[in-house]
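Taken in sequence, the protein lines are chains A and B. Quick note on numbering that gives the first Met the number 0: the first sequence kicks off at 0 and runs consecutively. Quick note on numbering that gives the first Met the number 0: the second sequence kicks off at 0 and runs consecutively.
By construction, these hints were calculated from the structure, which means they are not laboratory data. Not one of these hints is a red herring.
Below, computed lysine to any residue pairings styled on SDA-like, alpha-carbon distance capped at 25 angstroms: (1) A:K34 x B:V216; (2) B:K219 x A:C112; (3) B:K201 x A:A118; (4) A:K201 x B:Q158; (5) B:K97 x B:D41; (6) B:K201 x A:R114; (7) A:K219 x B:E80; (8) A:K201 x B:N240; (9) B:K219 x A:E80; (10) B:K34 x A:Y169; (11) B:K34 x A:P222; (12) A:K219 x B:P85; (13) A:K219 x B:K34; (14) B:K201 x A:V120; (15) B:K219 x A:E78; (16) A:K219 x B:L82; (17) A:K219 x B:G96; (18) B:K219 x A:A73; (19) B:K34 x B:T98; (20) B:K219 x A:D87; (21) B:K219 x A:S159; (22) B:K97 x B:H16; (23) A:K219 x B:C84; (24) B:K201 x A:P116.
Number of protein chains: 2
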Amino acid sequence: MIRVGVDWGSSTFRAYHFDENANIIDSLTRPLGIKQVNSNSDTSTQFEDILFTEVGSWLQSGDSVLLSGMITSANGWHETEYLECPADIAAIGNHLGKTLCRGVQLLFVPGICQRSPYADVMRGEELQLLGTSSTTDAELVVMPGTHSKWASMDHGTIQSFRTIPTGELYQILLHNSLIGQLATPNDWLHEHFIAGLELGHKTNRIISELFSCRANVLMKQLPEEGVRSYLSGLLIGAEINEGRILQPSSTIKLIGDDMLCDRYQTAIEHLGLTVSARIIDASVQGFSRLITDIKQR
Amino acid sequence: MIRVGVDWGSSTFRAYHFDENANIIDSLTRPLGIKQVNSNSDTSTQFEDILFTEVGSWLQSGDSVLLSGMITSANGWHETEYLECPADIAAIGNHLGKTLCRGVQLLFVPGICQRSPYADVMRGEELQLLGTSSTTDAELVVMPGTHSKWASMDHGTIQSFRTIPTGELYQILLHNSLIGQLATPNDWLHEHFIAGLELGHKTNRIISELFSCRANVLMKQLPEEGVRSYLSGLLIGAEINEGRILQPSSTIKLIGDDMLCDRYQTAIEHLGLTVSARIIDASVQGFSRLITDIKQR
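Construct all of the structure, not just a fragment, from the sequences and the given hints.
Put into structure tokens, the structure is as follows:
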């Protein structure tokens with residue numbers, strides 16, 4: 000039986016232990032993402048060691064493990080194919096990459112790709128969509144993060160999606176640019192987040208507006224303590240503007256951790272839109288759904 | 000008399016030696032920008048040492064030196080006021096910051112600021128505009144660089160301007176982001192520059208399109224050797240789109256070094272616009288004009 004699901008990303012290894020009814024009974028998180036694996040030696044052996052060190056005690060011979068995320072990429076353990084958009088999310092269970100390891104069957108979840116009108120890819124988020132998407136409605140779903148994913152869903156099919164690298168842009172602007180040099184550490188000022196948000200949402204000149212983080216300080220229109228919040232607002236405002244082009248819906252479903260979803264919910268609601276739901280444990284729900292689907296076949 | 004003009008920026012110290020007719024007779028460039036000066040000790044003394052070490056032999060007691068660029072900022076030697084937009088560029092000679100040093104008069108050129116509809120600042124580029132702008136026409140002028148400046152000029156007045164941090168964004172994305180990790184060193188492929196340019200110019204979703212640098216490679220729609228050119232095209236296309244909002248002119252004047260102006264000219268002409276002129280030594284022309292203006296008073 001399938002006892003374990005692993006969401007193995009670039010930075011983090013997250014494992015979930017399920018019972019025979021696909022209910023979660025244990026979980027663990029380790030800073031052992033695929034980026035941390037030394038690519039100068041045999042990465043397969045390293046991935047195997049990590050997996051059995053962390054979750055070996057949950058497994059018996061003949062069991063299966065589901066693996067999802069960047070572990071299924073070209074830099075991972077076992078590269079899986081992509082399902083192409085529009086993609087029936089329930090079909091991912093039919094396209095698992097399979098391999099045996101120490102008497103345990105490893106089942107690698109495929110990613111989703113889009114070729115037109117632009118190229119895009121996801122690995123890991125498809126499982127979150129599987130666990131949480133309505134099979135009866137159209138939905139606009141956002142998974143905020145380093146590389147936010149926006150997905151336009153319709154009756155359980157991913158119609159189209161877009162990666163918007165807002166989180167990464169925020170971090171590198173704060174830490175590597177002259178623009179971020181004026182920002183003070185850790186300060187958060189709500190009013191400047193809102194000012195940035197409104198500007199980022201309405202502008203069609205976001206590269207120019209990035210410089211406003213600096214120019215506004217020099218012109219004493221923004222305190223240095225507000226730079227971080229203002230930049231965050233500016234980028235999230237632009238992201239919401241860009242992401243909503245996928246679907247005209249004014250309600251948005253949020254998937255992610257509490258801190259980031261709080262910030263996005265504040266932004267979405269300030270712009271007069273609605274958050275239809277917030278989901279934290281979408282990967283767990285996705286594994287559980289996939290285990291149930293496979294068992295019923 | 001005024002014998003020397005110094006364009007003293009963040010990274011570079013450039014000095015020009017003029018004769019009594021304001022013609023250039025010598026010049027030098029040193030990697031001694033204000034960023035290189037150690038802010039833990041007395042920066043004034045360091046600036047003074049650099050100036051007299053580099054150009055002391057050009058000066059006699061009673062001479063004057065013009066200084067422009069970041070040396071006139073709060074982090075520089077002598078902070079000058081800003082002239083506010085719309086600003087008559089010929090008026091900068093009336094607002095020089097003055098101080099005496101080793102028997103030589105130092106004349107610091109003011110920067111230009113804009114308060115509305117958005118805050119923006121320039122220090123150094125105003126001198127380039129003084130040296131090169133038409134006093135009889137409207138012009139759209141671009142000074143490409145780390146922080147590109149776009150200026151809408153009308154009969155010698157800076158009507159409005161905008162800083163677009165294209166060059167900085169390009170560098171930090173290439174060197175600090177996951178997006179740039181796929182780029183190979185130094186490759187340049189014209190066709191991918193053009194593909195990025197066309198997309199960057201027409202899109203209103205530039206943050207999303209940044210991720211296309213990566214997604215296109217993963218989906219085998221862009222070779223790794225083309226990432227650098229594609230990203231450059233994407234950002235310059237967006238910059239031209241954003242900058243032209245200042246003035247509907249379809250002709251653009253370029254000020255800057257040959258390599259960068261080549262790239263911008265290629266982009267501008269590919270988009271069906273016209274380059275009205277290209278000017279390399281705009282700072283020299285600016286100092287020369289300012290020296291002549293001051294002498295005639």
